[in-house]
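Please model the entire structure based on the sequences and the hints provided.
For the sequence shown, numbering that gives the first Met the number 0 gives the first residue as 0, with consecutive numbering after it.
Hints should not be assumed to be uniformly reliable.
[To be verified] Estimated spans, in silico, between C-beta atoms of each pair:
# : residue 1 : residue 2 : range
1 : TYR116    : ASN87     : 17 to 27 Å
2 : LEU181    : THR30     : 13 to 23 Å
3 : ARG180    : SER150    : 15 to 25 Å
4 : PRO108    : ALA178    : 37 to 47 Å
5 : SER88     : ALA178    : 17 to 27 Å
No wet-lab data here; the hints were simulated from the structure. Built from N, CA and C at the ideal position, the CB exists for glycine as well.
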Amino acid sequence: MSANVAITYSGADLRDVAEAFAEGAEEITATVRVRRVPGADVGARADREVTFGDLEWADGIAFGTPIGLGRPAAELMGFLESTEPLWNSGRLTEKAVSVFTDEPEHFAPDAVVQPLYDALYHWGAVIIGPRAFELEFGAHPAERDSEREGSLSGPRWRTAHYRGRRLAALASTLASERARRLSLEL
0 MSANVAITYS GADLRDVAEA FAEGAEEITA TVRVRRVPGA DVGARADREV TFGDLEWADG
60 IAFGTPIGLG RPAAELMGFL ESTEPLWNSG RLTEKAVSVF TDEPEHFAPD AVVQPLYDAL
120 YHWGAVIIGP RAFELEFGAH PAERDSEREG SLSGPRWRTA HYRGRRLAAL ASTLASERAR
180 RLSLEL
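So, in structure tokens, the structure goes:
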């Protein structure tokens with residue numbers, strides 16, 4: 000079973016990371032939607048805004064936030080807080096979720112990512128965090144790779160791409176199990 004994956008970001012600097020996540024997920028034959036958080040300043044390349052419908056549709060969801068202020072983007076936190084009617088009714092339970100930032104994850108302070116994970120725990124979501132070996136050395140956005148076009152370094156792109164593949168694969172497994180359980184209940 001292929002997964003539905005929503006990649007949601009807040010901030011223009013995250014668009015390329017979101018795209019690398021999406022490309023990785025698509026390699027696992029996932030259907031992907033790249034969305035921006037309502038109210039986020041995303042520059043000229045604006046994607047559609049994420050909706051509750053996108054969250055319900057998705058088997059896996061990645062949320063991106065800049066780390067510039069030392070905390071998650073206010074727009075993203077506001078959006079996550081607004082999902083209470085969904086998670087309170089169980090409609091976000093057992094979704095595979097992950098968090099990414101505009102810096103490599105090993106540079107992201109806990110003050111940025113932990114509030115996001117705390118919100119996602121309320122959903123009953125399955126948190127898909129980065130594994131240490133996924134975080135390539137040299138994955139810093141300031142280090143450009145002449146082989147790649149775009150604003151991401153080669154290592155940074157590969158890390159996001161791999162994480163997107165992993166999210167889609169695990170989301171697919173969870174979706175298959177959900178479908179199996181539902182068929183037994185009927």
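query: Honestly, do TYR116 and ASN87 meet the 17 to 27 Å range at C-beta?
result: 18 Å, holds
- prompt: Cβ-Cβ distance between PRO108 and ALA178: within 37 to 47 Å?
  reply: Roughly 38 Å apart at Cβ, these two residues keep to the hinted range, so it holds.
field: LEU181 versus THR30 beta-carbon gap, inside 13 to 23 Å or not
entry: 19 Å, holds
message: The hint says 17 to 27 Å between SER88 and ALA178; measuring C-beta to C-beta, is that right?
response: At roughly 20 Å between Cβ atoms, ALA178 and SER88 fall inside 17 to 27 Å, so the hint holds.
C-beta pair ARG180, SER150: status relative to the range 15 to 25 Å that was hinted: Distance hint for ARG180, SER150 is violated at roughly 42 Å.
This entry does not satisfy hint 3, going by the numbered hints stated previously; all others are met.
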